[in-house]
Structure formats: C-alpha cells, structure tokens
Amino acid sequence: MGQQIASALHQSMDRVLVMLVRFLPGLLAFFLALLILWFIGWAISALARRILTSARFDERVAAREGTGSAASLADWSPANSPTLLVSRAIQWICILAGLALGISAFNASYSSTPEISLFLLPYLTHLTGAILLLVIGVLLARFLSRSVLIGSVNAQLQYARFLSLGVKWLVLVLTAAMALDHLRIAGGIVDLAFGILFGGIVLTLSLAIGLGSRDLVSRSIEKTIDKPLPSRPVEFSRETDVAEPPRPKLRHF
Amino acid sequence: MSSLPMTEVSDHSSSKTLVNDNVSAHATVLVCLPSMSAEGVHALAGDLKATSPHINFLLASCNTPSDSIDGSGRVRMIEYPDQPAHSGWILTASDYLNAANLALEYRASATMLLGTEAATLPHEALQTLYTAALEGGGDLILPRYPAGPHEGLVSAALLHPLSRALYGIDARMPLPLDVAFSPRMASRFQTAAKRAVSSVGGEALLWPATEAAVASFLTHEVAVGRRVLPQPAVDDLNSLLAHIAGSLFADIETKAAFWQRVRSVIPAQKTNATAKQTAGDDDLAEVRPMIADFRNAYTNLQEIWSLVLPPQSLLALKKLSLAEPEAFTMPANLWARTVYDFVLAFRLRTINRGHLLGALTPLYLAWVASHLRIADDDQTRAEQHIEETSAAFIAEKPYIVSRWRWPDRFNP
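Note that the protein sequences, when read in sequence, are chains A and B.
Here my numbering is used: the first residue of the first sequence is 1, the next is one more, and so on.
Here my numbering is used: the first residue of the second sequence is 1, the next is one more, and so on.
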C-alpha cells in the first residue's frame, strides 16, 4: 500500500517535473524574444528620433498642417511631438513583434499539450485587441463629449452638459461591451446588458430632449401653421406707426 | 529689443491726394477685381481715367474680355485667373497670390486688390489708395472705413488689439477688404501666399499687415469713405470666428521670433470709457441674450476653460457671470489675458484646436456685450472702449512673452 502511494507520488512528481522542464524553456524563450525585440525596438526608435529631430520633422509637420486644420497629427502625439509619436510607435511595434515571437516559441515548445497554448495564444491576442479598443474608446468618448459640449453651448442649449455626458457614456458603454465581447467573457450577458443599458440611455436622452424642447416644437408648429394665413392687409395702430426705429444689426465682421 | 515704427495713419482728403505728375507720370497701376461685375469694371475704368490723367491702369477681372484697350490707350483689361474661385466676402491667400503674380508679371508700380462690394467705394477712396502707394512711400496701404459701434466687432475685439500689441501695427482692419501695395510688397505676398495656399488650401487667409511688419516694410492706414461691408454667406459665428482666429493664432505662432523682439512704439493710453449708469431696459435688450449665453457657457465650459485659463482669470470670469446686466463689464485686462492664454493654448495644443476656438466664442460674446453696453450707440464711447482694449493688450504683452517662453512656470 505504502509502495503504491510512493509510486503514485513519484509518478505525479515526475509528470510535474517533466511538464516544468517542457514549460520552462518555452517561458524562457518567450521572455528572451520579448527582451531582444524590446532592445531592438529601443535602438531603432532612438535612431529614428535622432534622425527625425535633426531633420526638424515636428516643424515640417506643423508647417504642412498649417493654420486651418482643426485636428492634426500633433494633437494625437505624446507631448504634442510627432517625432515622439513615430519613435514610440516603432518601439511598440517591436515589442508586439517580440510578444508574438515569444508566444510562437512558447507554442512550439508546448506542441505536445496544445490545450494551454491554444487557450493562451488567442486570448493574449484578444487581450491586446481589447486594450486597444478601450484606449481608442476612451479617447473617442472624450473628444466627442467635448465637441458636443462646446457645440451645444454655442448653440445656446441649456442642457449642454447633460448631452455631453450622455454621449460620453454612450461611447464608453459601447466600448466596454465591445471589449468584453472581444474577450469572449460572458457574451450573452454582455449583449443583453448592453442592449438594455444602451437602449435606456437613448430613451432617457430622447425623453429629455423631447420634454425639454416641447415649447420649441410647439412654437415651430404654430409658426408653420400661421405662415400662409396673413394674406389680408394688416392695419397698423397708431402705436405701431410711432414705434422707434429698429436697432442696427450686429455685424461681427 | 527694437523699436520699429510700423504704421502710419493718415487722413488723405481728396485735395491732398491729387497725383504729383513728376512722381507718378507713366506709372502703371494694376487694379485686381476678383469679384466685380463687367458693368462695374467698365464704370470703374471711366472713373479712374477721369481722375488721373497721367497714370496707366491695368484692370484685371475674370468677367471682362482680356487684352482690350480703351480709346485713350490708358486703360487695359487683362485676364484675372478664375481659379481658385474668389471666396466671396473676404480676400484670401489665393487672391493675394493672383494679384502678386500679375503685379510682378506686368511690372506694376502699384497694385490695388479690391474685394467684394468694391463698387460701393467712393471714387476718392480709390485715388487715395493708389496715390498713397505711389507717392506716400508706403509698401502696404490699408483702408480705414468709418464703422459704427455695431460693426467690425471681431476686428475691434481681437484682430486690431493683437496686431497692435504684438506687431506695432495700428490698423483697425488688419484683415482688409481692399488693399494697395508696392512691387516689393507684391514679391513678399507672392512667397507668403504660395506657402499658405500649398499648406492650407484655397481658403487660407493671409495677414498682409503682419507680413509687412516682419519684412520691415512701412504700412499706411488711410481713411476712406463708407462702403458696403460684405458679410459672409454662412451666418455661423462659431465657425467663422474659429476660421479667422485660428488663422491669426497660427500666424502669431509662425512669427513668434519676430513679435517677441518688437517693442511697440504706441503708448498705452488710459481712457475712461465707462458705461452709462442709468441704462434702461430697452438699452439692455440687445445684450441680455449675450449675457445669458455667457452665463450658460460659464456653467458648462468650466472644465475646458480651466485647462486654458489660470485660476485668477477663472475667478474674474466667475465674478463676471454673477454681475447684473446693468453692471456687466468685462475688464479690458481680463479680455487681453484671456486672448493671450488662448493663443498660448493654441500653440501648446493644450486641447484640440477646434475645441479651443469653439470655447473662445462665448468669451468673445461677453466682450461684445460689454462693448455694446459701454458704447450705448455712441460712436465716441465705442472708439474709447476699443482704444482701452487695445491699450490693455499692449500693457499685457509681457505676460504673453513670458508665458510663451516659460509655459510651465507657475501662473496663479
């Protein structure tokens, strides 16, 4: 009995050790590939930064984009420097390449037990995609909410902040749902929850705008109805005749 | 720092502008008319011929047959390029480029570029413009039209004070509707306009007065009669203000090395433009909606303004938002600092430039409300307030120079 237990323990230890022996080189290869590609990326990005700085890339981009462009490359760049954007993009491309290479090496060393790599490889890819989606979503939400806020304020809407918040949360909810869907986490629940939440926000906004602008709509309809009516000559009262002259029109230009 | 006299303002009456025969005999004046009708061009040709017996005129228009010469042989029609099309209400960089190309091609002694509704200009005004270019020694001649308290508000609030404080150019319309210039100015315009058109496109604006200032050319402003001021086809203040202010801010960014060295020669004047204290409801009816819009903007745009403006300015804006319409006055130094902070944020790209210029509109409307309340339909009071605004921009120039050089320094 004791021998059997000892044998079972030995066998399981052997299996674990064999698995570790198989696993460790793959892990080492993964980190090595990542480190080498990170170093290569750092070297290339430093070189690119030096070349672009000496070529006055930032100034050239600014001159080319000129005066009228509302959104420009520098707006999307870290520290407003397109040179930095290019160099960081190069570095991150190399790091991602190292990540892919490492996962591939990991996968190769684990060919005998494909279930782990089959689970890990696509999941890491999906994780990267989800993070990218989140970053883009947050940036887009901020941009759109500010656009809506400024546009609404300049259009003299009283509920500008409410509209802006609505747009921001619409985009954020949409992004979160897309990211979760991309990660394949509780797909059905996310779809359902997203549908309810998104629909709820849209309904709330519609009701708010509808109720808020009820007077505006009714005035607009009254104006439309009243338009064809005044065909008979209008009789002016004495008060109208002596009304003061209209004020001069405001000319901004 | 250098002290450069950039601008001279003169009031050329018709008696003063009779052309000196010795100076301008056989001179050729090119008149570019990108938007004038054929009838207008023919009428203008007759007027020009009658007023100046010793000058040859080249009239460039896209609406008249080219290379036709009138009976006297002194007025010749030439072709004006119809591409890109004239924008309609303002002179763009492509208009300057076309005029400069023609001026250099035909070796014109002086060039006049006349904008939309130029047919309504008094005849003496045309003579005043080209005479100042031929005889006055000026490289750039800008007209000054009489404007009421309700007219040219963007110029009064932004363009004039900024040009005067930063470049030392005391021109009421730095973005002119009509302009006259010398051959060397034409050469400068050709280079600058080519750059602007190639980088931005046909709708790019050119700031003639700042180009003249940077080249150390002399700018004259001449008082001319009233003309119809063309208005933009699109009545969207936000986009128009963003277009004009964005172009000016970008020009300021490009010429930073120049204006930081210029010490304006114009003394900062302290005027006492105060509003009438007993303003009635009728007087405030015009400004009440603007003040309401400003209050609405203050409630909603604080998050964006706080990225651009220092706490001191935000506090002053808060006080302004609480002021009653009867006492609504935006202090001139607050407006000057606000504009300078926006110029700096434009340069640093603190936020998206479209958002930044959109956030400036309510502040501009607050200045307009303040201006209209102070002016109270009185031209003299309006001029005093514009002068006070301009003086505040000059007084606050060290602020923008300092923040431009050290933007990260603590700014309470």
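If you are wondering where the hints come from, they were derived from the structure by calculation, not from laboratory data.
Hints are supplied without guarantee of correctness; some may be wrong.
[To be verified] What follows is a list of derived Cβ distance ranges for each label pair:
1) 253/B - 191/A: 46 to 52 Å
2) 136/A - 146/B: 51 to 57 Å
3) 203/A - 303/B: 34 to 40 Å
4) 314/B - 131/A: 42 to 48 Å
5) 210/A - 285/B: 54 to 60 Å
6) 140/A - 236/B: 20 to 26 Å
7) 303/B - 191/A: 56 to 62 Å
8) 306/B - 131/A: 46 to 52 Å
9) 127/A - 315/B: 53 to 59 Å
Quick reminder that beta carbons are idealized off the backbone N, C-alpha and C, glycines included.
*Can you name, in rising order, the numbers of the hints this structure does not satisfy?*
Failing hints, ascending: 3, 4, 5, 7, 8 and 9.
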